[in-house]
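Listed below, chain by chain, are the residues.
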Amino acid sequence: MEDMSQYPLELTGADVPMVRFMNVTKRYGALTVLDDLSLDVAEGEMVTIIGPSGSGKTTVLRMLMTLETINGGVIYVDGKPLTHMPKNGVLVPADAKYLRRARSSIGMCFQHFNLFPHMTALQNCMEGPVQVLGLSKREARERSEELLEMVGMIDKKDQHPSRLSGGQQQRVAIARALAMRPKVMLFDEVTSALDPEVIGEVTNVIRRLVSEHNLTMLMVTHQMGFARDISDRICFFYGGKIEEQGPPDDLFGNPRRDRTKQFLSAVKEAD
Amino acid sequence: MSYPEFLAEYGGRYIDGALITAAQFILAAALAIVMALIMGLLKLSSNPIAKGVAVVYIEFFRGTSLLVQLFWLFYVLPLFGLTFDKFTTGFVAVGLNLGAYGAELVRGAIQSVPKGQWEASYALSMSPAAQMRRIILPQAFVAMLPPWGNLIIELLKGTALVALIAVSDLMFEARQINGSTYLSAQAFGTALIIYYIFARFLITPFMRWLERVMARRLGRG
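Quick note, the sequences are listed as chains A and B, same order. Each residue of the first sequence is one higher than the one before, starting from 32 at the first, in our numbering. Each residue of the second sequence is one higher than the one before, starting from 253 at the first, in our numbering.
The following block holds chain B by itself, in its conformation from the complex:
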């Protein structure tokens, strides 16, 4: 079977898989960003309980394997009466895992905002919440964009693991096609190319664009 024939035969399934991967990616990224923001802020809190929650979250999800976390959510939580469908389990596991890395980026970026910015907004009598929302976070956001670009690509690649709990994503389809055709080079090669296109031609340009927009907002454009 030539490669064009292979694509004609199985292209539709790759597209289906790629759409599931895209959906997993978007949902996991959204969850990771929300978790990163909440946990990053909690980690900077002076309240020991709030800080403790963030430390436990970050240590657990950074300190153990994403694959084990995925299996744990899928096979162990039901034993405690918590059952999620596999699609939800997939993006939740990836999102929680990468959110833990993101939380450290958020914390680091907030701490990188010069002390003078806190003092100047304090001198204007701004409340701590207003200082964070209006002055500190917008600047921290700019500082953390480049490392977030890396993290988001890691997250895309992490979504390939959800195939192991039978979410019919791109990797799942590639394995199925390989299993029935034994055309490993074509089956997995096509998946590699699609992952690369996602990372290189969709995510990277988007992050670059976002960095440019944010730089312009600082008047540096």
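Just chain A, with the same shape it has in the complex:
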């Protein structure tokens, strides 16, 4: 049993990070996917996670969305525990009700979009605000139309996902996640399932988000050029640990670790 008294009930002080992974471990049976991970992401920071498959990079995002439970450590969002809740002065694993409230500050976009096929683009965006946040239909529609406008999908707002291309679906999915007004946005390989010619329309939306909004973002991607352009920091994962991290120009331009160099040259060859 882990000694939970080492973890504060909440983070205080001058520069509380928006996201803090504190000694987080994730295992599937005997396989350790993430090993004692500690990672801070500041408010408004854009962090991109790169690494070979199986290095645990997608797991980082899924744990932050609480789609995966963790086997050790604590994740904090905006100073408050996400995976745990305080009880009698110590942190205990969060129950479903606590998790529901805690994860509402996090939005996520998936590789395969996962739009709701029985709803139009607009209905997809309105679903969360109406059902979860309790907004009126009118408020939710205004908010959703504004976001669909931003992602360039306003003229398709009454189409069902089956009538939209992959790039269009992913842009709707971004609007849907933003309609919940999250503090942290997660992008899990959002361009990996797209045809090459439509990747740009999705990356342009993310670029705009980075330049015009103060969202905290974590992204997993294989688009190295894109990651270098827009990230504040790159984390290179290897074997469930952060092998190396730094500003994009340092990590891409002057990697220090051998494994980073090998990975980057392998990626470059494949390009």
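Possibly wrong hints are sitting among the right ones.
Stated by the list, open to error - Cβ pair distances, simulated, as ranges:
1. A/Pro83 with B/Arg452: 31 to 37 angstroms
2. B/Lys303 with A/Arg212: 54 to 60 angstroms
3. A/Gly165 with B/Thr316: 44 to 50 angstroms
4. B/Ala381 with A/Glu170: 20 to 26 angstroms
5. A/Arg194 with B/Ile301: 40 to 46 angstroms
6. A/Val123 with B/Ser364: 32 to 38 angstroms
7. B/Pro300 with A/Gly270: 37 to 43 angstroms
Everything labelled a hint here was simulated from the structure, so no lab data went into it. Idealized CB from N, CA, C, for every residue including glycine.
Given the coordinates of chain A, work out where chain B should sit on it, guided by the hints.
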């Protein structure tokens, strides 16, 4: 007696019987759908008691004969002080029996909804009940419509058994007419035709229409 004469003589009783069959069918179908939904959801529950209830229900009603279940409800329950009239017993037995098959369709259809739909609605902080009601069931409903079409026709045919506890449905009238006229070909032939008309020209087109409507709702129309 020519067939037109036969129809002129007994047509009214066939219509009466067909109306009782239609009523049995509609009530049994409504019960089957409700039971299928409840038991299908319970079977997916992580609560072992809830799941156990569904398993017992499904095993009992799928694993034993509808005819025996019908007789059991009609002749055995009164021994325990539970008495229903024959009309109620009829559609309850058929509805419970077909509901057990329907429960497996509901369970299978819910499980066929891609995992990404659960994850996306979870990521929007939806409660489990809202996820089921708003996101999963509407999609599962579309997936289970074609097999439900078959099941509903099975259910119609199953209602013919209620004649055996003397509910005056279509089959009951056909047997009565056969018994008094010995015109078996006409008596049972007319019943066959009416069952076929119900199945082929009322139920099947209705299910097809429902499938088209649901497909349009998914934007596939």
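Hints and how they fare:
no.	hint	result
1	A/Pro83 with B/Arg452: 31 to 37 angstroms	59 angstroms, violated
2	B/Lys303 with A/Arg212: 54 to 60 angstroms	38 angstroms, violated
3	A/Gly165 with B/Thr316: 44 to 50 angstroms	48 angstroms, holds
4	B/Ala381 with A/Glu170: 20 to 26 angstroms	23 angstroms, holds
5	A/Arg194 with B/Ile301: 40 to 46 angstroms	44 angstroms, holds
6	A/Val123 with B/Ser364: 32 to 38 angstroms	36 angstroms, holds
7	B/Pro300 with A/Gly270: 37 to 43 angstroms	39 angstroms, holds
The structure is inconsistent with the numbered hints 1 and 2, although it conforms to all the rest.
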